[in-house]
Amino acid sequence: MNFLSLIWLIFLPVFAAIVIMLPVYPNHQVRIRRFAKYFAGLHFIYACLFLLFFDSSMYGMSFEKELTFFGMSWLKTLGISAKFAVDGMTLLLSVLTSFIVLITLFMSKMHIRTKHKLYYSMVFLLESAVLGLFCAKDMFLFFVFWELLLVPVYFIVSQWGNSEARGAAIKFTLASFVANMFLFFGMLILYYYNFAVSNVLTANIESLNMNEKIYPMWFQIMVFVNFLIGFVVRIPLVPFHNWYPDIQSKASAPVNILLAGLLNATGVYGLIRFNMQIFPEIFKIFAPVLMVWGLINIIYCGALSVIQACVKKMVAYSNIAAAGFIMIGLAAMNQTGFNGAVFMTIACSIVYSALFVIISSIQFRTKTTYITALGGLGQVMPKCMYLALIICFAAIGIPFLIMFAPKLMVLAGAMLSNLDQQLLVKISAAIGLIAMMASAVYILYFFYKVFCSVLLEQWKSIKDLSPQETSVLTALCLVIVYFGINPMSVIQIYQSVSSIILDVLQV
Amino acid sequence: MSELVSAYLPEFIILIFIVINLVFSLFTGTSVYRISKWTTLLGIILAIGSTIYLQIDPEVFAFDNMFLTNIYTVFFKILILISGFFLVLLSRNMIREKRDRASEYFSVFLSGLLFAMCAVSSVNFVSLFVALEALGLSCYLMLSLNKNPNAKQLTFGYLVQGAVVSSFFLMGLSIIYGMCAQLDYSKVSLCFSQNPSQILLTFALILMICTMLFKLGLVPFSSWLPDTFEGANYPIGAYMSCIPVLACFGVLSRILMTFLAYTFTMKIVLAIIAILTIFFGSLSAIRQENLKRLMAYSMSVQSGIMLLGLCVFSVYSLSSVLFYLFCYIFVNIGAWAAIILLYNSAKLEKLEDLKGILYHRPYYVIAFTIILIALAGVAPTCGFVAKLYVFSAVARSGFVFLPFLIIALLSSVIMIYAYWRIIRAMFRRIETEIVVDTKLISSKYILYACAIASVVICIFADKIIRLCQLVAYYM
Chain R
1 MNFLSLIWLI
11 FLPVFAAIVI
21 MLPVYPNHQV
31 RIRRFAKYFA
41 GLHFIYACLF
51 LLFFDSSMYG
61 MSFEKELTFF
71 GMSWLKTLGI
81 SAKFAVDGMT
91 LLLSVLTSFI
101 VLITLFMSKM
111 HIRTKHKLYY
121 SMVFLLESAV
131 LGLFCAKDMF
141 LFFVFWELLL
151 VPVYFIVSQW
161 GNSEARGAAI
171 KFTLASFVAN
181 MFLFFGMLIL
191 YYYNFAVSNV
201 LTANIESLNM
211 NEKIYPMWFQ
221 IMVFVNFLIG
231 FVVRIPLVPF
241 HNWYPDIQSK
251 ASAPVNILLA
261 GLLNATGVYG
271 LIRFNMQIFP
281 EIFKIFAPVL
291 MVWGLINIIY
301 CGALSVIQAC
311 VKKMVAYSNI
321 AAAGFIMIGL
331 AAMNQTGFNG
341 AVFMTIACSI
351 VYSALFVIIS
361 SIQFRTKTTY
371 ITALGGLGQV
381 MPKCMYLALI
391 ICFAAIGIPF
401 LIMFAPKLMV
411 LAGAMLSNLD
421 QQLLVKISAA
431 IGLIAMMASA
441 VYILYFFYKV
451 FCSVLLEQWK
461 SIKDLSPQET
471 SVLTALCLVI
481 VYFGINPMSV
491 IQIYQSVSSI
501 ILDVLQV
Chain X
1 MSELVSAYLP
11 EFIILIFIVI
21 NLVFSLFTGT
31 SVYRISKWTT
41 LLGIILAIGS
51 TIYLQIDPEV
61 FAFDNMFLTN
71 IYTVFFKILI
81 LISGFFLVLL
91 SRNMIREKRD
101 RASEYFSVFL
111 SGLLFAMCAV
121 SSVNFVSLFV
131 ALEALGLSCY
141 LMLSLNKNPN
151 AKQLTFGYLV
161 QGAVVSSFFL
171 MGLSIIYGMC
181 AQLDYSKVSL
191 CFSQNPSQIL
201 LTFALILMIC
211 TMLFKLGLVP
221 FSSWLPDTFE
231 GANYPIGAYM
241 SCIPVLACFG
251 VLSRILMTFL
261 AYTFTMKIVL
271 AIIAILTIFF
281 GSLSAIRQEN
291 LKRLMAYSMS
301 VQSGIMLLGL
311 CVFSVYSLSS
321 VLFYLFCYIF
331 VNIGAWAAII
341 LLYNSAKLEK
351 LEDLKGILYH
361 RPYYVIAFTI
371 ILIALAGVAP
381 TCGFVAKLYV
391 FSAVARSGFV
401 FLPFLIIALL
411 SSVIMIYAYW
421 RIIRAMFRRI
431 ETEIVVDTKL
441 ISSKYILYAC
451 AIASVVICIF
461 ADKIIRLCQL
471 VAYYM
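Line order of the protein sequences matches chains R and X.
Reading the first sequence from the start, the letters are residues 1 to 507 in this note's numbering.
Reading the second sequence from the start, the letters are residues 1 to 475 in this note's numbering.
No lab work stands behind these hints: they were computed from the structure.
Check before you lean on any hint, since a few could be wrong.
Claimed, not checked - Some but not every residue of chain R turned toward chain X, in silico, with C-beta under 10 angstroms:
#1 Ser73
#2 Trp74
#3 Leu78
#4 Lys115
#5 Leu118
#6 Val144
#7 Glu147
#8 Ser158
#9 Phe185
Glycine included, every Cβ here is placed at the ideal spot set by N, Cα and C.
Build out the structure end to end from the sequences listed, making use of the hints.
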């Protein structure tokens, strides 16, 4: 077990990025790509080993490790330390991150034609940032990785996207920086209020818990709202969602896979770790609002998804709509809803990454993403169509595919929730159920427009999936089917997390 | 005598090297500039060595209690000397333009360092006045070295405003002398506590503080800043954004802590000044096209953030400001090194000139990007830790300062945009024929060293924070 260190898991990608960036490393695209793929594969195996040795019956954090520099811990005088640990939820999210990066690197060959060194090192930097923020035990350490994430995202979107990608990237970065400002402000006042009350200077997330009810209500609400703004922009929820379809439609295809897989999960994770774990009571007050907010998300973005002209935007909007289910599950404030929401986060990452893999291979062949220019591709790309069919069914929530169990759990959780505003919650859950059925509309519309209608003349000669793409998509489909048939294998890993977070309210 | 030596040796060494440089200036020839550069570096190294070597006693007074040496002053002196060391290496284009005048330039340069060190050490208003005036004088002299006819006009404002502000200082000085008949800090502070008519004394102190505000480019006196920087030569710009800032913060924190630590109104006034500087400085910075003007506003905003940390008046906040200064010096010199490299090799000074440079000098671009990220205070660089530390000191001081904190955070987002414009320009796709001269080895390595330092300081921040807390405690 000693060879499993979270420090290695988090910082190995940084070393890989530095190795690629070094002037002595040959600027030869095949060698860079090969190194990146092998490295990502090994990293994924290493991450899976954590899962193998993880004891899911254990209560609380495991694999705890502190990053020290020659025996010194980071910013000890300010009560901030570079401690990393995982629970079941973050371990799953970390393995997922590694997996998505691996898939992205497999799909990068066709689309990334310039500046290979920068691209691959930035992808690894992004991986490291996401892993770091999942594993950080300290509030400001979390924030460091949270902000670090923006740098690689800005570069990979702006440097390899289409001609409008630059504007979209800066829109995302600035929106995030403004949201981060709220987050940082909330963290600062929480940090010092905690110091003033308990006389211990610490930014450790576990010791900031509100169990002892030492904070006045208005203060809790103030910090809660600051955190909420910070995370909601990233998830993204409706009034703040604009950046997401924007960067997804303008970024390069492998970047889409990466962003769909990683960005939303970080936002949901932040919401769980900070808003829910530190302020469970305020979360309970805000829960009906969040539930309705999630519902608005589902309906509004679902409707927007149908009318988009760009395939990427279509999928991006349906991704936001799916994030609405996560919000409903979290707002239910019970075990079923919470477990469903976390599972939904993972399922969303996998399914929407898979959809973007399909779009990536279509874009590579047709050089377009406009829905009017596509159609009937099923006739020339049968393999692609069948795999896409599985993924689309998964996105709708067909039984025995990955999205079914979480959607069901989320809605069941909402139905069973014992929040104060019973009527509102029940109505929301009922509408959510209808919306779940309706989500078939925009997913199937996408499938129909791309694969089923009349085949245009110019696409008659395009080839079916290459072996590499087939293997990537098959792997994704296997994951989708396996966890669809056996959802408990995922849920049992993080089951104890929900009891830690929700037990506070039962007492 | 031994006390005088142990208090004054670094300054004395610098003084000797000023004289040596003046002797060199009698000779002309192509090799003189190189000799005087190395002598200057030698002098600075000797001064650093003696500063570290001599610090044994906690406090040493010299010159009839006008001059104090303790850990606090040593900290500032070492920072001043280190930045002086880097600035000498950055001065190459000054030397190249006027080879025959290199020795004179270096003697003025060293006297600037000398008086900055004296200002930090002085505990008497007269010696403070002399030191600050002489520091200002060396700045005026160096600004006048630019032969561009436009530059004279641009830098003239600095001279005039500087004269006005130092007359403020004199007026404050005379009021204090009239009220207390004393000029030592300790005795004046005693007089402060006994005197019932504190308002006049506070007014006098505010008049004095104006000098520091002026040199730091804070709000009521910030109009000189962009023009002067535009008119200055590049190394002089770097000089003006480091040495006076260090000297003024050394003086300002001592004065504020000695006299005004318990006046609430003063805290608020200073916080408002800081906030106005940060806000309007960052708003102006996003419109700049000239890199030097952008750096001028950057300096103004950074010193505004430091003033915001300072006006909370606690040992904790003082140590946070010291840490911020420590980071600021490295990052700022790194940024100037990048700009100087660009100017010297291809005479580029506008933002749009940077387009496409990624394709020619990728490592330059990466180093400069790290430096800019650090200046903007984004993780994972020392700028982030510094910002965290200063803002947490502000948050710690109570809910009165929270509105200021919000505006400061908002402005820091605006400032991120201002720095990001440089990064965007460098990563533009349009290919132009820029060739950054790799012969300027010193500037290049300073840039790389500062970029690495800004990450390393972030990692080893704890040690430096401890040092800063010790220094703040001993003040």
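Okay, the hints, checked on the actual structure:
1. Ser73: It holds, given that the least Cβ distance between Ser73/R and chain X is near 7 angstroms, below 10 angstroms.
2. Trp74: holds (6 angstroms)
3. Leu78: Given a least distance of 7 angstroms, the restraint on Leu78/R holds.
4. Lys115: This interface hint holds because 8 angstroms falls under the 10 angstroms limit.
5. Leu118: holds (8 angstroms)
6. Val144: holds (4 angstroms)
7. Glu147: At 4 angstroms from the nearest chain X Cβ, Glu147/R passes the 10 angstroms test, so the hint holds.
8. Ser158: Constraint on Ser158/R satisfied, holds at 7 angstroms.
9. Phe185: holds (6 angstroms)
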